[in-house]
Structure formats: C-alpha cells, structure tokens
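*Asks:* Starting from two chains that each stand alone, build the complex the way the hints lay out.
Protein chains in written order, with the working numbering: chain H, 2 to 261; chain D, 50 to 478.
Quick caveat, the hints were computed from the structure, so don't treat them as lab data. Just so we're clear, the structure is a prediction, and the values are computed from it rather than from any experiment. One or more hints might be untrue.
To be verified - Straight-line distance between alpha carbons at most 30 Å, and here's what the computed DSS-like set of lysine-lysine pairs gives:
#1 H/Lys-67 to D/Lys-308
#2 D/Lys-337 to D/Lys-439
#3 H/Lys-199 to D/Lys-384
#4 D/Lys-216 to D/Lys-187
#5 H/Lys-67 to D/Lys-168
#6 D/Lys-337 to D/Lys-414
#7 H/Lys-200 to D/Lys-384
#8 D/Lys-439 to H/Lys-55
#9 D/Lys-175 to H/Lys-67
#10 D/Lys-295 to D/Lys-461
#11 H/Lys-199 to D/Lys-340
#12 D/Lys-175 to H/Lys-200
#13 D/Lys-168 to D/Lys-384
#14 H/Lys-196 to D/Lys-90
#15 D/Lys-168 to H/Lys-200
#16 H/Lys-199 to D/Lys-175
#17 D/Lys-439 to H/Lys-196
#18 H/Lys-55 to H/Lys-199
#19 D/Lys-439 to D/Lys-470
#20 D/Lys-175 to H/Lys-20
#21 D/Lys-90 to D/Lys-340
#22 H/Lys-234 to D/Lys-308
#23 H/Lys-20 to D/Lys-277
#24 H/Lys-199 to D/Lys-295
#25 D/Lys-187 to H/Lys-196
#26 D/Lys-414 to D/Lys-216
#27 D/Lys-265 to D/Lys-295
#28 D/Lys-340 to H/Lys-196
#29 H/Lys-200 to D/Lys-52
#30 D/Lys-90 to H/Lys-67
#31 H/Lys-20 to D/Lys-308
#32 H/Lys-148 to H/Lys-55
#33 D/Lys-90 to H/Lys-20
#34 H/Lys-196 to D/Lys-52
#35 D/Lys-439 to D/Lys-90
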Amino acid sequence: MDIVVSVKTNLDLQMIRIKNREPVLEAIPYKTGDLDKNAVEAALQLRDAVGDSKVIALTVAESNRKVRETIKEVLAMGADEAVLIVDPALESTDQAGVARTLAAALQKIGSYDLVLFGEGSSDDYSGQVGPRVAELLGVPQIGYARKITAGGAGVLVERSMDEFIETLEAPLPAVLTVVSEINEPRIPSLMNIMKAGKKPTEEWSLADLGLDPAAVASSCETLSNLAEEQDRKHVMLEGGAVDQAAGLVNALLKEGILGR
Amino acid sequence: MEKVDCIIVGGGLAGLSAAYGLASEGLEVMVVERGDYSGAKNVTGGRLYLSPIRDIYPELWESAPFERPVTRELVTLMGDGASTTLELASDCFATAPYQSYTVLRARLDQWLADQVMEKGGMVITKNRVDEILVEGSKVIGIRAGADDIGADVTIIAEGVLGLLSSKVGLREEPLARDHALGYKEILELPSSVIQDRWHLNEGEGAAHLFMGEVTKGMMGGGFLYTNKDSISLGIVVGMSAMRERKEKIESHTLLDAFKELPQIRPLVEGGTLVEYSAHAIPEGGIAKVPKLFGDGYLMVGDAAGLALNALLTVRGMDFAIASGFYAARAVADAKSRGDCSAAGLAQYEQSLRSSFVLKDLETAKDIPHIMENPRLFTHYPQAVSGLLEKLYTIGPHPSQKLSSTVIGGVRKDFMNARTLKELYAMRKI
Ligand SMILES: Cc1cc2nc3c(=O)[nH]c(=O)nc-3n(C[C@H](O)[C@H](O)[C@H](O)COP(=O)(O)OP(=O)(O)OC[C@H]3O[C@@H](n4cnc5c(N)ncnc54)[C@H](O)[C@@H]3O)c2cc1C
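The shape of chain D in the complex, shown without the other chains (with noise of 0.2 Å):
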C-alpha cells in the first residue's frame, strides 16, 4: 500500500484548516473530497464567528472571501396572527474588528483549498471516499475506489452524520433526535437594494433569526443574513420534532410558507434564485461529542459534532476551522515525534479543551435539552407578541390601565407554575 503523511477524508472548512496547518509545517497532506470542488455542496446559514478564530491562522483573514461585516441583529418572535421583532444596533458590532461576517460556502471553501494548494498541499476533488481502513484498533488509511492509500494519521472531516466513521465503529450511528435539518435558499438582490431594505451602510451586513410560528412550532428557527449582492434565507427544523408532529408536514414546504409570510416577502421581493440546498445539522451538543482521536486518526468539524445552536447564535464553521488547527498541530507535534499512536495524538483532545471548542460546547450542555420542550417555539413567541398587541390596541371600549394589561398579561402567560419552571430551567443556559 502506498503512503502518504496525513490523508484529510472531506475537504470543507474542518479538513481544508487541518490541511493548511500541515502543509504549512512542510507536511506531506492529501485531502480527499467528493464534490467537484470544495465547497460545492457544503451548506451553512451564512455567518463565521470570526471573533473566536481570529488568532488562528491571523495571517489569512485579511484576505478571505467575506461578504459583509454583521453590524445589525433582528430576532423576530412570531406568534399566529402577530409577532415582535427586536433589533440591536451596536456600535462594537459596526466597528472593525468586526466579530462576525456573512459567507457563501462555494466561495470561502474553494478559496481555503486554494490556500492550502499555495502551502503545497494537495486537494483531490471528485473523489469519495468508500471506506476508512482499520486493522485492529488503529487507522492505517482509505480506501477510495480502486486504490487503498496509506497515512500515519487520517483527519476525518466528513461531517455531519459521519457515515464512513460510524462504519468501522468510530462513532455512534447517527440518530435522528440529535440532528436537525436545515433548507436554503440563496436569492441574488442588487447590493443597493440589500442597503436600502436592510438599512445598511455600504458594505455592512445584517442578520435575522425568526422563532415560532416559521417553523409551525416546532423546533428550530429561520434566518435571513444579507451577502454581497445576495441573501441566504432559510430555515431549520428539528427531525424528531418533525417526525413527532401529529399533522405530518413535508419539510421543504416549510421554506417556501416562509418565504410568503407577509413580513417576508417585502424582503425578498424580486430576488432571483441562485442556489438551493438542504442539510443536516448537529445538534447533540457535548454529550454527543464522539472520542476525539486514537490510534492514527483524529475527528474534526462536524463529523465530531463540534457544533453549538444556542437559538440566537448558531456556529459550526468556527469550531470547525479551530479544530482543523489543532488537529494539525497534534499531528505534526505526533509525527516529529514519531508517534502516530493515540498517546502521541493526545493533545489535540487537550487543546480543544482548553480553548473555546469544547469550553463553549461544555457551557451550552443544557441547551440541547431545553430547546426539546416545543414550547420554546409556540407558547413564548406567542405570548410576548400577545402581551404587546395588548399594549397596542385601542378599542370601541374604555382601555383598562396600562399596568393591568401588563400585569393581567404577564400573570397569564408568565407567572404560571409551567412556565415559572420553564424559565428558571433556562438559568442554565
């Protein structure tokens, strides 16, 4: 069998940052994708974290691929019949460093294996991956179509549900109840209009999560975040919330009712589709993460469920790229050792530890949980738009005062015992 340093199995963000730390430490690394490029059929709402990934790899960013720059934040609640939109306009956000930007997958992946390329490292698109081969406890290599290749170690970038790495017993088979299921659309609109719809200044962006009623109460949200010259709109839905739902809906019709609702279609008016796509999410949380490394392999990105939904910020690719990073540093610190073996790849586990990767995974370890109870979806963003429609209305009969409308309201759908336990649940988020 013939052998190679390091193979990379999935060329998105995971295994393109894994593949770029080793190939800038001289190491010989092989990264195995299955699109026609990397990129091509990657999926993500649309915003990188930047802020937690920016000391890594610092001397990339300048020139990275972003579109805009997140300076403003909408959250809409919707309830049947009405719903209440907050927007947070901050003046850090709208200050360089920015924290956080759009991106569109196809451009920032392929520009990530083009950098990769640059360091001498070599991205083989167009092909798959059939099989990790194991002998015994240890990863010795692929196997992908007629050719079986060698590696000290293997990086398992595959993603969400992990396929191959279930297979040989690398992970659990993936279940339904830790995953969600994302649909997008991308909706090309002029760059002035997007300024104009959106307030924006030139070149700055926003973001919009809608709750509730968008996805018929079950759980999971929609979003909306503005590109260049282009949205991202889409929606993600639980799949045990879909399964479990009496009145059985088709998911992707989920994404078209969206886009018709009446605060939506202004936004979205006159956008020429460019690009749809649907994908699995992780959304197990912690208690899902599989064993990290072993012998002569290392998991990363998604395929390790290294992924956070907390409701208002939902990260994947930054976990993703931190991993790839310290992956690579394990395993170029295990090959000048000459220890490929699970002791030698340790480390990654460790550094992951102690930076925001499993820190913030291990923060959020509630969050998976609360966010099962489907009231989340209904009750709340129903109740506050309540409350306010309240506040707002004038009607043929004499009002009652302000406080006991606020009071009546809150005492109606917040002071009872259920919800009481609900939100004091929710301290552990």
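Chain H extracted, bound-state conformation (with noise of 0.2 Å):
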C-alpha cells in the first residue's frame, strides 16, 4: 500500500509574541503541525500493519529552508521517503493554492492509495486541504479518523463525531483526515534523526507540476491581523492581604463577576 501524508511547517505559535497589537512573526522557529504528526504516526501504523507499504511525506512551502527540519522530522519518524514542493510563489497562497498543488504533486507521484492529512493546521486550522484535494482528485474522502484499518476493498474508518462515532468504508485511493485521539505521534530516536538526513528527499517546482503561479495566487486579502484589545479596568487595592480579599470581593460583587 502506497501511503502519502501531507505535513505542514508552521511558526511555533507558543513564541509568537504581539506588540502593537500584532504578532511578531521575526525570528519564530518553525514547527511540524501537531495533527499532522498523528497523520504521520497513522500512516506507519498502516505500512506496518499491512506490509510491502511505503510512507511518502509530501509537503508543500514559499522555501526549503522552512521545511528542512521539520520534513526531516517526519522522515526520522520513519516515512521512507518525502517529496518537497517548493517554490517562492507558495509564499503567498490559500488553502485552495495549497490543494490544487498537493493534487497535482500527487498526480506526479502517480501511485497512492491513501493520502492522509490532520484534520486542521495548528496555524489557520481551516480543515480545508483535505477533503479540497479529495475533490480535485475526485476520490473518496472520510474526514475525522480515530481509527483507520486496512481490509476489504479498502479501509475501515471510525470518525469520531463528537456526540457519536460513525463506522464508514471506502475503496482506494481515498483521503482521510485524522484527529488527535488516534494515535499519540511516536517521538524518534537520535539515531533515526542523524539517518533521516540520508533517505530520498525529491524536491520540485510548480513549474515541475505544470502549475502556474497564478494558479495558487490566493484569492483573499488580508487586510488586518489584529490581537483582540481589551480594556484593563486598572484598580489597585491597598491594605494588607486580609483588606485586599475584601477589596476583590466588593470589586467581584460591583462588577456582577460573583454574587449572580
């Protein structure tokens, strides 16, 4: 079974700070998406269960220093092989740039039976990619994933649907997308680190795919990314601690916070 999971680098948001009520994005390392390393961890559970597979990282990005780290991650993981598509146009695509790129990658590397995807980046957290590639290669998709098993004519899917669980089948190919409680993503080994440098990394171009940077262009503006401004009420309270507490309580009451 060939198996394809799609990973997206983002900044490490926990190290984004705002100052003039916008983040600053200068100087933030780059990170693995979390939901795609359960996509990740998916996909070597499914080579390994089913055997004679192989895992492709696919990933996509505006440079390949963005990706370098974070795809060797994956390779270090164990995906046997990864395809990078990289191209400074990428810079400022959408989701749907993103889709009709990775659908063509794919079509490029031909052979798939599953694509796997987290259900969400940890950055936009759209959950658009998925199933837009699913359409453009006009597969199957089933979104959500606790539980992927392969058999039949296909797989065996659990989506996990909050208030339920449905069971769902699908022929091959077919896309899924995974959420967190399938798996927790295995973390690698030195070792598997210092060989995933030397497994077969093919890097290509849009022109590579027949696309035209038009054709990622993103078709929305943004016009501000502004942090939410609140307003601090500003009260200091004198006293020892025992006239403090009483402050807050009053402070509490006035406000409506307690005593509602």
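*Replies:* In structure tokens form, the structure reads like this:
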C-alpha cells in the first residue's frame, strides 16, 4: 500500500508575541503541525500492519529552509521518502492554492492508495485542504478519522463525531483526515534523526508540476491581523492581604461577576 | 550500540562552533541540545569580542546576526548617594573592523546551528543527554533517553556547572565560590530611542557597566548593552558573596532595584520586557580549568571553565567559539590518524595554550583572587565619587583650596596602608 501523508510546517505559535496588537513573526522557529504528526503516525502504523507498503511525506512551502527540519522530523519518525514542493510563489497562497499544488503533486507521484492529512493545521486550522484535495482528485474522503483499518476492498474508518462514532468504508484510493485521539505520535530516536537526512528526498517546483504561479495565488486578501484589545480596569487594592481580599470580593460583586 | 564519528553534548556557541568545524571537514557530527532550539535558554550579557576570533571561521562573520558594534564604552562607579561615570569615545572603537558587537543568543545560536546544518552537521534539539558513557578511562558515547550512541570522540559543551561531566569524574563538582549568578532582562525600545538615549549614530552601540552599590557592595556588577531595538540589562553577583552576606538578600531583587535607580530609570523608561533569564557564570579562572581532553573526549567553552571576568571586560563567548574551533581541528586530525586516544587528541590543549584562550586566562590568573576583596565594590566606588562630590561642592562656608581637597581626599581614601597594599596587589591584573 502506498500511503502519502501531507505535512504542513507552521511557526511555533507559542513563540509568537504581540506588539502593538500585531503578531511579531520575525525569528520564530518552525514546527511540524501537531495533527500532521498524528497523520504520520497513523500512516506508519498502517504501513507496518499491511506490510509491503511505503509512506511518502509530502509538503508544500515557499522555501526549502522552512521545511527542511520538519521533513527531517517526519522522516526520522519513519516515513520512507519525502517529496517537497518548494516555490517562492507559494509565499502568498491560500488553502485552495495549496490543495491544487498537492493534488498536482499526487498526480505526479502517480501511485497512491491513501492520502492522510491532519483534520486541520496548527496555525490556520481551516480544515479545508484535505477535503479540497479529495475533490480535485475525484476520490472518496472521510474526515475526522479516529481509527483506520485496512482490509477488504479498501479502508474501514471510525469517524469521531463528538456525540457518536460513525464507521465508514471506502474503496482506494481515498483521502482521510485524522483527529488527535487516533494515536500518540512517536518521538524519533537520535539515530533515526541522524539517518533521516539520508532518506530519498525529491524537490519539485510549481513548474515541475505544470502549475502556473497564478494557479496558486491567494484569492483572499488579509486586511488586518490584530489581537483583540482589552480594556483593563486598573484597580489597585490597598492595604494588607485581608483588606485586599475584601476589596477584591467587593469589586467582583460590583462587576456582577460574583453573587449572580 | 550504533555509532557516529563525533557527538557534541550541548548546542551552545562552543558546541556549535566545534560542529561547524567538523561538518566542514566532512565528518559525521551529531549535536544534542536539550533546548527547543539552539539559543533558547542560553544567556549572555550581550557583547561578543570579535577581534580575538575574527580569523577563526572568517567566512562566517560577514553574515552573522550581530546587533550593534560597540563604539561607546561607559562605566559607572556607584557609591551610596553619589556615582561617577566614565565614558570612552574612541575613534578606534568606532571604526570598522569593530572589535566587539552586542548580540542576542536566541538569534546568534540559531543562526550558527543553521550554518552547521548547511555544512551537513546534525543539530538535534529538544533532546537531553542523560549520561556520558565511560568505559575504563575512555569516553565511548552518550545515553539520551532510551538511546545509547557511541562516538569516536565526544565533545563536552554542556556549559557552566558541567553536571554530566562532573558526574563521571571528568571535572570537579561545581563549587559556589567559583561561580557568579547573572540575571538579565531584555527590554524592547525603538532603535531611534536607543540612539537618542545613548547618543549613538545609526547602527552604533554602547556598553555600560556598573560597579558598587548596584550589587550592594557584593562582588559583581551591572551591565547594559544596546541591541538593535532592545537593551540587555542585567546584574551579576558572586555566589559566595551572596552566601556570606550578613543581611540576606534574594539575589533576583537586585535587578529590580537596579532598574529603579535614579540613573537607570530614565534609560529603561518605556521599555517592554520581552525576555527574562538567569544563569551561572564560571569565575574560577585558570585554576579551575579541568583536564581539557582524555581518551575519546574533549571539553570546550563554559563546561571547561573557559571564561574570564576582568571587571571591565566579560568574556566567554569568544572563548567558547575558539575552543570549539580548536577542538574540531584536533578531532579531525585525530580521526585522520585513526587515533582518538588522549595522546591523539593532545594537540587540542597545545593549540589552546598557544592561542589567546589559555594565554589570556593565564594573564588574568590573579583576578579571581583580587575580585574576592569586597572593598573593590564598596570602598573604591564610594571613595572616587566622594572625592569628586567634594570638588564640586560650594557650601555656605569659605572653600578649601582645591589642592587640599584633593590631597585630603586622596590621603584619607587612598593613601592608607590597607588601600596601598590592595592597589599594589592589583599590579598583578
Ligand atoms: C549574565 C551573563 C553575562 C555574560 N556576559 C558575557 C559577555 O558580555 N560577553 C561574553 O563573551 N560572555 C559573556 N558571558 C559568558 C558567556 O555567555 C558564556 O561563556 C557562553 O555562553 C558559553 O558558551 P557555551 O556554549 O560554552 O555554553 P552555553 O551557551 O551555556 O551552552 C551550553 C548548551 O548545552 C546545553 N546542555 C546542557 N546540558 C545538556 C544536556 N544534558 N543535554 C543536552 N544539552 C545540554 C544547554 O542547553 C546549552 O544550550 C555571560 C554570561 C552570563 C550568564
């Protein structure tokens, strides 16, 4: 079984500060999408369960530097090969553009039985890319997978639907997106990290995929990206701890936060 | 046990410098760093002396993410109620090639890690080395979590305290008396404000040190370095001085008090705190430098005590980078001769001895002892400011002759037996 797992590199959100209401994005380290790691883990487990299979990690980015380390991490976890789509034109793409790029890459890869995604990315969390790729490829898709079993004519998937669990079957090839409860992604060993750099890695540009930069240009324009502004009340409570506690209770009562 | 050519414990400047050298030579190198990324938790005051290391990896420095070249040097001697500031504006410091730059470790270390990877070296972050594996007298590799990994040579670059290396007897257990403690804040300020406040031309930087009251008279001092759009403000205090002080004081409160001083407040006004850190500093001098190499291992940077606090100059980063460079050369040579025993690696110590690293530490060998004298941080800053205060004072009574004020002050504060003895001892510095 050939399994392609799509991986997104995003900024380490915990490292981002807000200054004058705007995020400071300079010198923030990159990180593999959290749910993407669940997808990788699911792919590795399926590969090992089915046998005679391979896992290809696929990623899209505007520069090699951005994805170099995250792809290495995924290869270190156990993916067999990597395909990087790197093109400066991808700097200003959107979910539709990424989906078009991925679909074209999958067509170029040629043989794939399963394509796995996280249900959403750690930064934008739009949850669009997986379903869009399935549409573009014209293959069945199942979202929110919490359990994947290969068998019969295709895959058997349990979907996590909050209130209930739905079990679906799909023929191959198919596109699946996974939720975090599906597994605990493995942490690669040091030696596997060392070896990851030597695994086969292909790098393609948009031109290699026969895509025009215009095809991936974003159809949305960001007008502003501002942190919410909160007015602080600036109340200073005077006195010792006992007086301050009483003052705090009074203030909370007055605001209607206590005693409702 | 799986094996690589060389493992480096710790991805600070010393470890990364060694890795860069080795990777450039085509050796297989694995740096293991516990931080989220190189530089994440590394602390420095803020100034890298580039002059001593400019010829080491000359190709690197052009693109290094330095903050500002230091073109203005200031030092303030703080007495109780009066302080004296000396300022040196030197054409020599203000002309390229600049001798020193302010730096931010989060940027510098990450950048160096990138350079290592460009050369094919592997920097593995978010992984802690738990143990240095020793067989007989030979270091054979490391244990990290469930992984045991062997190496022909292990370079120990774990930084100050050397907890892993002292555990297996490669150096002494760290003692408080050989270390100082540093606290530091990075405060963001617009670069135009920085240039205005420190009277700097665009892109130039200032370094300002403080002695005396700032540490409540304990061994140590305060520092302020200007970065591109932030300042690094901190305080360093000897661990023994803290311990021995009669009225106990929580060391971290010194930094808060420093910021509140009337001389400092206007300088930091409006700054946004973006980073706070605390870190130990080796202050033992050459006497505390451990054995630098042995069968299958080398020690570099702070882990080897290669740092020098000479009051007006604080150095460790240049020593870290240089020791990493010489370590890489020694390992590459040893590998090519197929001899990674102590004898095969001995070249490392020889090259440190003939470079500034051990030479400067040797020259400064009496400094740790002299700095133990608390009067350096109490009496002297006070005496200098006291004397100047007198000279500048016009009171209601008829003034003394200028000369008698000076002579009287000098006699009282500097010409007594004790002070003369101390000043005489300082000739060794
Ligand atoms: C407050 C302060 C001010 C200073 N001012 C200056 C200055 O102005 N100029 C100057 O040149 N020097 C200055 N120094 C000294 C200088 O910062 C150090 O000498 C320098 O950082 C040493 O580099 P290093 O690589 O040896 O150690 P470090 O930078 O400490 O690197 C050690 C690395 O090893 C990692 N590590 C440790 N243990 C493990 C483990 N078990 N597993 C994996 N990784 C591990 C750590 O995470 C760290 O990244 C100052 C130091 C301090 C604290």
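*Asks:* Confirm or reject each hint.
*Replies:* Tested hints:
no., hint, in the structure
1, H/Lys-67 to D/Lys-308, "violated, 39 Å"
2, D/Lys-337 to D/Lys-439, "violated, 43 Å"
3, H/Lys-199 to D/Lys-384, "holds, 22 Å"
4, D/Lys-216 to D/Lys-187, "holds, 15 Å"
5, H/Lys-67 to D/Lys-168, "holds, 17 Å"
6, D/Lys-337 to D/Lys-414, "holds, 10 Å"
7, H/Lys-200 to D/Lys-384, "holds, 26 Å"
8, D/Lys-439 to H/Lys-55, "violated, 84 Å"
9, D/Lys-175 to H/Lys-67, "holds, 18 Å"
10, D/Lys-295 to D/Lys-461, "holds, 27 Å"
11, H/Lys-199 to D/Lys-340, "violated, 37 Å"
12, D/Lys-175 to H/Lys-200, "holds, 22 Å"
13, D/Lys-168 to D/Lys-384, "holds, 18 Å"
14, H/Lys-196 to D/Lys-90, "holds, 27 Å"
15, D/Lys-168 to H/Lys-200, "holds, 17 Å"
16, H/Lys-199 to D/Lys-175, "holds, 21 Å"
17, D/Lys-439 to H/Lys-196, "violated, 71 Å"
18, H/Lys-55 to H/Lys-199, "holds, 16 Å"
19, D/Lys-439 to D/Lys-470, "holds, 25 Å"
20, D/Lys-175 to H/Lys-20, "holds, 28 Å"
21, D/Lys-90 to D/Lys-340, "holds, 27 Å"
22, H/Lys-234 to D/Lys-308, "holds, 26 Å"
23, H/Lys-20 to D/Lys-277, "holds, 16 Å"
24, H/Lys-199 to D/Lys-295, "violated, 60 Å"
25, D/Lys-187 to H/Lys-196, "holds, 26 Å"
26, D/Lys-414 to D/Lys-216, "holds, 27 Å"
27, D/Lys-265 to D/Lys-295, "holds, 12 Å"
28, D/Lys-340 to H/Lys-196, "violated, 33 Å"
29, H/Lys-200 to D/Lys-52, "holds, 18 Å"
30, D/Lys-90 to H/Lys-67, "holds, 22 Å"
31, H/Lys-20 to D/Lys-308, "holds, 22 Å"
32, H/Lys-148 to H/Lys-55, "holds, 19 Å"
33, D/Lys-90 to H/Lys-20, "holds, 22 Å"
34, H/Lys-196 to D/Lys-52, "holds, 12 Å"
35, D/Lys-439 to D/Lys-90, "violated, 46 Å"
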